[in-house]
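Got chain A sorted already, so can you dock chain B onto it with the hints?
From first to last, the protein sequence lines stand for chains A and B.
Number 525 in the working numbering belongs to position 525 of the first sequence; there are no gaps in the numbering.
Number 201 in the working numbering belongs to position 201 of the second sequence; there are no gaps in the numbering.
Bear in mind the hints are in silico, worked out from the structure with no lab data behind them.
Any given hint might turn out to be false.
Chain copies aren't distinguished; within one or between two, either way the pair holds.
No more than 30 Å apart at the CA atoms, straight line, and that leaves these computed lysine-lysine pairs for BS3-like [said to hold, decoys possible]: (1) K312 <-> K255; (2) K434 <-> K565; (3) K342 <-> K248; (4) K405 <-> K565; (5) K15 <-> K342; (6) K255 <-> K24; (7) K24 <-> K60; (8) K351 <-> K434; (9) K434 <-> K342; (10) K248 <-> K534; (11) K255 <-> K332; (12) K60 <-> K15; (13) K4 <-> K565; (14) K15 <-> K565; (15) K24 <-> K312; (16) K374 <-> K494.
There are 2 protein chains.
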Amino acid sequence: MDLKSFIDAAAGRKKADMVFRNGKIINVFTGEILENTLAIKDGKILGYGAYEGEIEIDLKGSYISPGFIDAHVHIESSLTTPEHFASLVVPRGTTTVVADPHEIANVAGLEGIRYMLNASEGLPLECFFMLPSCVPATLFENAGAKLSASDLAQLAGEPRVLGLGEMMDYPSLIAGDPAVLEKMQMALDRGMLIDGHAPMVDRKELNAYIGAGVGTDHECSTPEEMRSRLRRGMYVLIREGSAARNLKNLINGVKSYNLRRCAFCTDDKQPEDILKDGHINYNIREAIDLGMDPVWAIQMATLNPSECYNLKGKGALAPGYDADIVILEDLKSIHVRQVYKKGVLVAENEKPLFSQSSRLTEAVLNTVKVRTIKSEDFRLFLETDVVRVIRILPHSLVTEHAIRKVERDEGNLFQIHPDLDILKIAVIERHGGKGTIGLGLVENYRLRGGAVASSIGHDSHNLIVLGDNDDDMALAVNALAASGGGLAVAAGGKLAGLLPLPIGGLMSDLPAEEVSASLKELLNTAVHTLGVNKDVDPFMTLAFMALPVIPELKLTDEGLFDVTKFEFVDLCVK
Amino acid sequence: MDLKSFIDAAAGRKKADMVFRNGKIINVFTGEILENTLAIKDGKILGYGAYEGEIEIDLKGSYISPGFIDAHVHIESSLTTPEHFASLVVPRGTTTVVADPHEIANVAGLEGIRYMLNASEGLPLECFFMLPSCVPATLFENAGAKLSASDLAQLAGEPRVLGLGEMMDYPSLIAGDPAVLEKMQMALDRGMLIDGHAPMVDRKELNAYIGAGVGTDHECSTPEEMRSRLRRGMYVLIREGSAARNLKNLINGVKSYNLRRCAFCTDDKQPEDILKDGHINYNIREAIDLGMDPVWAIQMATLNPSECYNLKGKGALAPGYDADIVILEDLKSIHVRQVYKKGVLVAENEKPLFSQSSRLTEAVLNTVKVRTIKSEDFRLFLETDVVRVIRILPHSLVTEHAIRKVERDEGNLFQIHPDLDILKIAVIERHGGKGTIGLGLVENYRLRGGAVASSIGHDSHNLIVLGDNDDDMALAVNALAASGGGLAVAAGGKLAGLLPLPIGGLMSDLPAEEVSASLKELLNTAVHTLGVNKDVDPFMTLAFMALPVIPELKLTDEGLFDVTKFEFVDLCVK
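In isolation and in its complexed conformation, chain A is listed as follows (with noise of 0.2 Å):
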């Protein structure tokens, strides 16, 4: 930007670029909303008053608001890439989000980091990036990398990187782990923020894992620990995602006093919500729809975030501010109906006016490295029929460590029974490493004839399969391994439907419409052909089965594992 020029047209002695009349200009930092003239001039806000632009726009009384800013989400949850998800959220008033690469990271490190650097290079939605904290999740599986200190610091300098993302070992960091506290000096040393992830951490437990420099928690489910959080100088990021809602329990936690210290985010969305329901404007329209004041619950979309991130020129339509500019309707529907990024008109009426193919980089292509399965790969020997079995509970990431009586077949194989619910349930390395299988069974899933599998596993995406027979399980896996990762679904010999995900098994390479839809014959398939449970996200529900942190039983690539205990466990009770 030239200052001089600038200095002129804000002074009215140039033209500015452009300038928006009969608009009403949301001010989040007074929480009003002015009835005036709108300026811009090389992409940045030169302040509201008496100007003349180049363009001239009338906005007929709709509002204009700061453009919205996710403050903590992984765009790999959305099952596109950076390209195609800025063309899924910045026509829902998202021109700025806070991303934590950590599923890429988890197959591809650095090198999975640098893609979604490079990838979200210059879009017309600014990606700023944390540095995976935790990779891998824990010790007791086997991810595509481990990520230390020293090799997070190899991107601590980056200009969008902005610090180390949420540190979802808690229990490690509070316990003093040196690896963990190598990790936070890293970025304690170099000024970074340090995201959190806390859930039910309390007392001096939270003083020390606050202490030790967290700054944000976006885990909270109840005013109460909202308020214990906020207490201790965090702030507090309220999330409303596909899965994770916490926006209606902590809404009325926010307070005109604690306010600038909450801000909204999504965590992770998929792109048939983003569709349906919106992206961070749909967290502003809860939040009013449940009665909170437009204006502070934009503020929490915009400028408080901002502050948090320390986001210079972003959160406010002020002089010197970028020009990334939602267009609203009304204060109630927070319908979009245009964006502005950096001054450029970049989507209308919800469509993106801007696309971008896939910058696609090597590293992370073909990261499904595993050698052809056979179905014999998944029997199981039984020592005993009373077995350990994880049992699914519906709407929840937490099972039920269940015990069970099954059938095993004369070479002491476990078997199918037709009247019992019970499905097996394998996870395979592959990421070119240990080529580990783990086997288990599984309960409340209810699936007939096929089976379902996955390289979305987390957090080390390995692949999980689930199914009522070996050859549908063998199947499928090796339809994954062919497409270099997605969702797949067999039935009766046949390969029923598949999604590819080539870029980390974790992504697709087509806009986010087109792998809505596939997505959504997929489910209708493993729902109506495989008749699986409809109170459980088939693909969502298997990619958390292999994750050890949440309770109480899961199976990783090494072994069934009690999360309770701890440690691994046996299948058989004996």
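Below, chain B without anything else, positioned relative to chain A:
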């Protein structure tokens, strides 16, 4: 700090260094006052909770607040060195200041700023600095230094330097003056903060000023002015100093919505006022007296200035924050019982528990470089007997541009008339430069039989002398030259009083109490021996006679200056 040992103590596995029991903890994040135990380790807050400490302090119901922050102060106005200033303000609860060493910079340039950095290093008062942006203040006077953008850049990397000091030359900035823009760009390129000073500037001019990068203003005098700045994203620093007192007018402009963007400052406060009324604790007390919620008032002295200046770990009693702590008897008198700096008790019952003699450097000593002044130097030849006179207004820095008929002798030299209140004033360049002397006339100071002189003369700090006879004027000036600067009163051919200010001609190396007592004596002499107008502060009024940016008529070492026309004018009206 050893992170491991801090976490161990926070989690309760090790004893804290110190705990405060039975205190009422002021929480500036939530507005609450919590009765709980506060624990400290390694100079930092561990948090509140069930802690035990090596040292246990029973607060018996006293309040415990974060240390106060002065968001904008010229330490030189206390007439003491940073060391003695610390002894003065720390016992009153101020543990951090953001200082603009603008006065010493006008005398000694970069070396003057380096002196302040060095003298303030390691004090129990943490001093951050803004680099003076306007040295000299104008082109119409000769100061001791000229600081360009590249000069300032030399100090930009110092750890306690936060940004560019108050941009007083707002007309040049708004006009786009290249030298001013260069300074702005220097700060912007380094991501530094920029302080403002823009009384009465509004609308598009204000947009230009703020859009260029200025982030604060401490010159608001009305709620409307305050609002126009808050709306545009500025922080408003509410000032309560010795002369400029804006708190009463502005405090009602602080609303729950904009509170976060309001902070307290003193700007310029003399030692006797600090001794009598207090420092930032006075701002807090006044705000509470005027009806503000005490926690709001404390927030404006703690968290808000910390956020404004991005002072990491300051301004709150939260885990990981610096243990800068003030113990208050109550939330009305704001009487400070104890002050802890980074966990160390540094003041009790308004007395410092530390002492530090002034660390002087050659660059700030012997700065009054002027030849011996003779009575004849003050001879004032007048072409006509109708002249321009600087009319002093009571309790104001603004002067009136008056036209008066005066007495001349046979040689057309100005002559005191016993019935006319018109006195001679002179400004003498004293930085070893041109040796220029500006001569003028003053009304409403009212003095008989002597002279008053000062080496404090904003902003160039040339010598200023005012009197009714040339002999006493010369005597007072030569006394200042001999003592390296200061304040002097001459009466009837004798030196009637002298307060030496050998550091830059601005500061004493004695404790504030002694300086204050000396000053009191001098003021007495000026008022009682010489009969100076009681509605005028003899020295402060003098000190602003040479500042050619405050209307209407001023005198610099280069002559009489019409501030309204912004040009030199003749003394005589022809």
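Unmet hints by their number, sorted upward, for this structure: Hint check: 3, 8 and 9 fail, others pass.
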